[in-house]
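Taken in order, these protein sequences are the chains called A and B.
Mapping of the first sequence onto our numbering: residues 1 to 406, in sequence order.
Mapping of the second sequence onto our numbering: residues 1 to 216, in sequence order.
Calculated directly from the structure, the hints in this document are not laboratory data.
Keep in mind that this is a model prediction, so the values were computed, not measured.
Treat the hints with care, since some could be wrong.
Among chain B residues calculated to face chain A with C-beta under 8 Å, some are [stated by the list, open to error]: (1) Pro4; (2) Leu11; (3) Val14; (4) Gly18; (5) Thr22; (6) Arg95; (7) Arg126; (8) Phe128; (9) Ile145.
Where chain A lies over chain B, by a calculated footprint (3+ residues, C-beta under 8 Å) [to be verified]: (10) 177-187; (11) 198-208.
Ranges between beta-carbon positions, derived for each pair [as the list claims (entries may be wrong)]: (12) B:Leu143 to A:Val403: 22 to 30 Å; (13) A:Ala112 to B:Asp72: 40 to 48 Å; (14) A:Thr37 to B:Asp72: 30 to 38 Å; (15) B:Ser80 to A:Ala112: 54 to 62 Å; (16) B:Ser80 to A:Thr146: 28 to 36 Å; (17) B:Val84 to A:Glu151: 17 to 25 Å; (18) A:Glu261 to B:Pro131: 26 to 34 Å; (19) A:Val403 to B:Glu76: 40 to 48 Å; (20) A:Asp6 to B:Arg211: 34 to 42 Å; (21) A:Glu27 to B:Ile206: 34 to 42 Å; (22) A:Gly12 to B:Glu183: 29 to 37 Å.
Using N, Cα and C, we set each Cβ at its ideal position, and we do this for glycine too.
Next come the chains, spelled out residue by residue.
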Amino acid sequence: MSRIDDYVPVVGASEVEELRLLAARLEGKIVRNVNSTAVGGGVAEILTRMLPLLKDLGVDARWDVIKGNERFFAVTKNMHNALHGMDVPVTGDDLDFFVDVNRQNAAEMDLASDILFIHDPQPIALVERKRDLGRKWVWRCHIDFTDPRPEVWDFLKGYIERYDGAVFSAPAFSRPLSVRQVLISPSIDPLSDKNRELSEEEIDRVCTKHGVDRGRPIVTQISRFDYLKDPVGVVKAYRMVKEHMDCQLVLAGGGATDDPEGLRVLADVRREAEGDPDIFVLFLPPGSDVEINALQRASSVVLQKSLKEGFGLTVAEALWKAKPMIASAVGGIPLQIAHKYSGILTRSIEGTAFWIKQLLQEPGYARRLGVNGKEHIRANYLITRHIRDYLLLFLSLYFEKDVIRL
Amino acid sequence: MSEPFQFQTRLNLVELLGRRATTVRELLDGIREVPAASIYHHTHRFLQQHHFLSPEPPNDFAYWVSGALGLDDIGERLASVDTVRYRRINDLRTRYVKILEEALAARRNSWPVCQENDEFHFLSCRMFIIPLPAIARDADEFLDILRRISVNSLYYHVFESRLQMERGENDFAVWFEARGNRELADALSRLDPYTITLEGLRQEIIGLVRRHVQDR
Chain A
1 MSRIDDYVPV VGASEVEELR LLAARLEGKI VRNVNSTAVG GGVAEILTRM LPLLKDLGVD
61 ARWDVIKGNE RFFAVTKNMH NALHGMDVPV TGDDLDFFVD VNRQNAAEMD LASDILFIHD
121 PQPIALVERK RDLGRKWVWR CHIDFTDPRP EVWDFLKGYI ERYDGAVFSA PAFSRPLSVR
181 QVLISPSIDP LSDKNRELSE EEIDRVCTKH GVDRGRPIVT QISRFDYLKD PVGVVKAYRM
241 VKEHMDCQLV LAGGGATDDP EGLRVLADVR REAEGDPDIF VLFLPPGSDV EINALQRASS
301 VVLQKSLKEG FGLTVAEALW KAKPMIASAV GGIPLQIAHK YSGILTRSIE GTAFWIKQLL
361 QEPGYARRLG VNGKEHIRAN YLITRHIRDY LLLFLSLYFE KDVIRL
Chain B
1 MSEPFQFQTR LNLVELLGRR ATTVRELLDG IREVPAASIY HHTHRFLQQH HFLSPEPPND
61 FAYWVSGALG LDDIGERLAS VDTVRYRRIN DLRTRYVKIL EEALAARRNS WPVCQENDEF
121 HFLSCRMFII PLPAIARDAD EFLDILRRIS VNSLYYHVFE SRLQMERGEN DFAVWFEARG
181 NRELADALSR LDPYTITLEG LRQEIIGLVR RHVQDR
């Protein structure tokens, strides 16, 4: 388990000192996080990493999970898909049931705290207790909803506007609301297995295991096998490059083995790659973090050719390893890459192929992009910045003005 | 004798205004109407987020007009606004408004609309100012602290106090002026901090203080 001081060599002593100054101003306040699952999923992962660090800083941060049955989670899954713009049924009965489950939880839970930090739509209606409990309430939206179904959005909006503020991960998710909206991007943990420094031997071992030759250029995309990540488009871009120069392609990622769509995509990619010994399609089991880390570090260029993306943290992960990155200008990716400064943004297979060739042939320029990309991640997308934003968010609840002297 | 210099730091919480633009006209309307803190954020965000880069990308308005609308001529005019000349954010706002109004009046071609997902989102920020446990009573102590403060603190004393807090000068120049180091104060206030990385700026200030005060 990491301690906050472990981050001093990564971000500097002065940054960590600032976190301590902020945390000291929250002394005596209880911050209660509430979400719908203790394990699995991005929110649980973030809270698992972040809570020990908040506690190490002296913040009384707690975490509770609401209870729900199969029907409740079927309804919330449909709500989730409807927020992504999918045409799925969410009936009035479903919403009534959703509210009932929230009320049962609200009645049973110990909500005594100063700040209630409610994550995602599942527990959103707990805010009904604000009327009798008072205190500060913030809703944290972790999901992408650039194009939500209006009936579901209107339902949620009725609850969001009862909070003291709402937090979104990217500007595109913001909507006109009567409450303050805060932008807090997700982050990566530089000390996790997926991102920590690796020895050359560790990287070699992974490449040898999969037959990838470190002596030749390696182009890599790490992502689940999902049509929205466009792995077939990646293979096509690679073939355009391969007409002119030698390189290998690594497509690596996981996916649930019971996800029929994921398996279909994997089959499509394997078919597309057939007959080319320089294409490595690697379906990795859960817990392959060190392997992913090694493949990114071995790469000459890393791609993220998504057609649609939430925040796209795999971009931050590759940039943190100072890799030249070519990624689609979708979702949160343009926040992470300033085109031609800290990476390359593209919009097509042809554009991606063009830039792969450029970066493989101009290693000096590619290296500069990678170095800038790493510094951009250090300044903006590490877990320490995420903690700082949360501390500022909690403190901001007690002030009205735009300039706050602590 | 002047007061000791109290180093402070500032940390920003970025807010979303729920307002977006897809054309030059909508950008202009937004620039006219958003709070001053939003203009400040969009013209200084790159300095904070890309503080290791020189030249850093220009302000958000210029970057979007060139990148998302493909209007390089207007983008270049927006990018070349000499921010260091402005002492009030509303004066800076007026300058951007004028450039866009002139562009709208002059252009005969039809106006582009950005692609989906390329919209300009107006953001703003809330600023937290926190005193650091770092006080300088003389130039030696000043240099010692300046070497180790975060870029957030350096940024506050150089950029934010001057423009966002509308003090007109950076804090370091004001302090050395009060101590009677007029030449150094002049040199510090002549710095153009917009065309250098923050670490470069830190070294520049250290060099100036050493030349004017320590090496005497």
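Now the hints, each set against the structure:
A least Cβ separation of about 18 Å between Pro4 (chain B) and chain A goes past the 8 Å threshold, and the interface hint is therefore violated. Proximity of Leu11 (chain B) to chain A holds as hinted, the smallest CB-CB distance being about 6 Å (cut-off 8 Å). Because the smallest distance between the Cβ of Val14 (chain B) and any Cβ of chain A comes to about 4 Å, under 8 Å, the interface hint for this residue holds. At its closest, the beta carbon of Gly18 (chain B) sits 4 Å from a beta carbon of chain A; the interface hint therefore holds under the 8 Å criterion.
Hint status for Thr22 (chain B) relative to chain A: violated, with the closest Cβ pair at about 12 Å, above 8 Å. Hint status for Arg95 (chain B) relative to chain A: violated, with the closest Cβ pair at about 22 Å, above 8 Å. A hinted interface residue such as Arg126 (chain B) counts as satisfied when its beta carbon comes closer than 8 Å to some beta carbon of chain A; here the least separation is about 5 Å, so the hint holds. Taking 8 Å as the C-beta contact cut-off toward chain A, the hint placing Phe128 (chain B) at the interface holds, the least distance being around 5 Å.
Interface hint status for Ile145 (chain B): violated, as the beta-carbon distance to the closest one in chain A is roughly 10 Å, over 8 Å. Chain A is given as covering the region 177-187 of chain B, and this is violated because 0 residues of the stretch bring a CB closer than 8 Å to a CB of that chain, at least three being needed. Only residues whose beta carbon comes within less than 8 Å of a beta carbon in chain A count, and the region 198-208 of chain B has 0; fewer than three means the coverage is violated. Between Leu143 (chain B) and Val403 (chain A) the C-beta distance comes to about 29 Å, which sits within the given range of 22 to 30 Å.
Taken as a hint, the range 40 to 48 Å is violated for the pair Ala112 (chain A) and Asp72 (chain B), whose Cβ atoms sit roughly 58 Å apart. Roughly 48 Å separates the CB atoms of Thr37 (chain A) and Asp72 (chain B), a value that falls outside the hinted 30 to 38 Å. About 56 Å separates the C-beta atoms of Ser80 (chain B) and Ala112 (chain A), a value consistent with the hinted range of 54 to 62 Å. Judged by the Cβ atoms, the range 28 to 36 Å given for Ser80 (chain B) and Thr146 (chain A) holds: they are separated by roughly 33 Å.
For the pair Val84 (chain B) and Glu151 (chain A), the supplied restraint of 17 to 25 Å is violated, since their beta-carbon distance comes to about 51 Å. Separated by about 55 Å at the C-beta atoms, Glu261 (chain A) and Pro131 (chain B) break the suggested range of 26 to 34 Å. Range check, Val403 (chain A) to Glu76 (chain B): about 33 Å between beta-carbon atoms, so the 40 to 48 Å window is missed. Our hint of 34 to 42 Å for Asp6 (chain A) and Arg211 (chain B) holds, since their Cβ atoms are close to 39 Å apart.
Checked against the given bound of 34 to 42 Å, the beta carbons of Glu27 (chain A) and Ile206 (chain B), roughly 35 Å apart, stay inside it. Gly12 (chain A) and Glu183 (chain B) have their C-beta atoms about 32 Å apart, which keeps the hinted 29 to 37 Å range intact.
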